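> Listed here are the chains, written in short residue letters.
2 protein chains.
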Amino acid sequence: MAPNSESRQGRSEVPEVVISRLPQYVRILNRLLEDGIQVVSSQQLGEKLQVTPAQIRKDLSYFGRFGKQGRGYSVHDLLERLRQILGINSPWNVAVVGVGRLGRAILSYPGFNPDGFHLVAAFDLNNSIVGDTVGGLVVRGMDELDRVIDQEEISIAIVAVPVDFTQNVVDQLVACGVRAILNYAPITPQVREGIRIRNIDPVLSLQSMTYYINDD
Amino acid sequence: MAPNSESRQGRSEVPEVVISRLPQYVRILNRLLEDGIQVVSSQQLGEKLQVTPAQIRKDLSYFGRFGKQGRGYSVHDLLERLRQILGINSPWNVAVVGVGRLGRAILSYPGFNPDGFHLVAAFDLNNSIVGDTVGGLVVRGMDELDRVIDQEEISIAIVAVPVDFTQNVVDQLVACGVRAILNYAPITPQVREGIRIRNIDPVLSLQSMTYYINDD
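If you read the protein sequences in the order shown, they are chains L and B.
Position 9 (the first sequence) corresponds to 9 in our numbering; numbering is contiguous.
Position 207 (the second sequence) corresponds to 207 in our numbering; numbering is contiguous.
Chain L with its partners taken away, still in its complex shape:
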């Protein structure tokens, strides 16, 4: 995992918090482009993202020079460059493991495809639903994991299995060559170096709001 280094050299030396902000930049820039806006200042970007202009300039400085002093950024060029940096200028195949209520919601979520994340395979631990079709995909058993991940060139998995099964499923995915995992269970599974994991955690989100609505 990347430490909060100030170095501008290696990929691994850019702070993870900076990387985690870039997709929001991409989203804002996409909207500006749709609105026909061609140039944007760090001030304007900062207002949209609720960070200081200095923070935006600092974030972008990790990746070289963008824009011209006092002239703002070309929306198109900055967007293309950030998409390239993030590796989202080409599509990714994604597997979903866990086809319970949450997995079904994920498989029917319309937001993945437009952003280049193609859900191409679904797996479940429960053999009684293996063979069912959900969201256009046939649910497969875990015994097919290795073959399908290899065949479909899947690098990313979304894990929506009960908490007690999560670590084991994550381990299996990593053993099959998956390198990035989005986990919906309220734990932080352990993965070896080089494997990325993100946890969807609604409690953390709730806890970051109570501060603002408490006692005022």
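One should not assume that every hint holds.
It does not matter which identical chain is used: a pair holds within one copy or between any two.
To be verified - Computed list of lysine to aspartate or glutamate pairs in DMTMM-like fashion (alpha-carbon distance at most 25 Å, straight line):
| # | residue 1 | residue 2 |
| --- | --- | --- |
| 1 | K58 | E80 |
| 2 | K58 | D77 |
| 3 | K48 | D171 |
| 4 | K58 | E13 |
| 5 | K48 | D164 |
| 6 | K48 | D150 |
| 7 | K48 | E193 |
| 8 | K48 | E16 |
| 9 | K58 | E47 |
| 10 | K48 | D77 |
| 11 | K58 | E16 |
| 12 | K48 | E34 |
| 13 | K58 | D146 |
| 14 | K48 | E80 |
| 15 | K48 | E153 |
Keep in mind the hints are simulated off the structure, nothing from the lab.
Because the structure is a prediction, the values reported are computed rather than measured.
Once you have looked at the hints, place chain B on chain L.
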């Protein structure tokens, strides 16, 4: 929304990114307490949270003085203080709006209650499921929103309705007195000042991982 100010005075002047990190501190401190650890250094905390010790000291400095130079923090005291700051030292009543696949998964998610978020009411736009019992709650129609939110003293809502309905539902919740909203739809609803909103966005999470698994 809080600007990234350096001021240490007002509640609204603490950077939102700092607030958003505090729940992770709480989680780590809870684990340390469970493990019987009584004192922790900013170095140790930083390792667990993947931020620099300086960042941790800076984050905590917004709220006054914690710990003693060179002696680390009392896990118990820091935890209690952070829970108090975040307003999570007493429970919150929460409504869920949208009882489709995702809403059902949310209502059966076991992680809310232990952290003091009590799901006490469920609503849906679709009258055909109003009256059904899901996760121990009777699904109510939107016409009951105002009365139930008032009666149950609900300040927080989780919104899991289709994207086209989200802004309207958010507006209704705010009109009924809800002050913090966790939204699962892949849009950023607009809310007036003083209302907090967080969006669960799996695509942003995925996009923050591809950087690390691209071309290496």
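> Would you mind marking each hint as holding or not holding in the structure?
These are the hints, each one checked on the structure:
1. K58 to E80: So K58 and E80 pass the 25 Å test inside one copy only (19 Å; across, 34 Å).
2. K58 to D77: within (18 Å within a copy, 35 Å between copies)
3. K48 to D171: So K48 and D171 pass the 25 Å test across copies only (21 Å; inside, 39 Å).
4. K58 to E13: both (14 Å within a copy, 21 Å between copies)
5. K48 to D164: Classified as between: cross-chain Cα gap 22 Å, same-chain 40 Å, threshold 25 Å.
6. K48 to D150: For K48 and D150, neither the intra-copy (41 Å) nor the inter-copy (33 Å) Cα distance is at most 25 Å.
7. K48 to E193: between (34 Å within a copy, 15 Å between copies)
8. K48 to E16: both (21 Å within a copy, 14 Å between copies)
9. K58 to E47: both (15 Å within a copy, 23 Å between copies)
10. K48 to D77: Answer is within; shortest intra-copy Cα gap is 19 Å, inter-copy 37 Å.
11. K58 to E16: Both: 14 Å inside a copy, 18 Å across copies.
12. K48 to E34: within (15 Å within a copy, 41 Å between copies)
13. K58 to D146: Classified as neither: same-chain Cα gap 42 Å, cross-chain 45 Å, threshold 25 Å.
14. K48 to E80: Only inside one copy: K48 and E80 sit 19 Å apart there, 34 Å across copies, limit 25 Å.
15. K48 to E153: neither (36 Å within a copy, 32 Å between copies)
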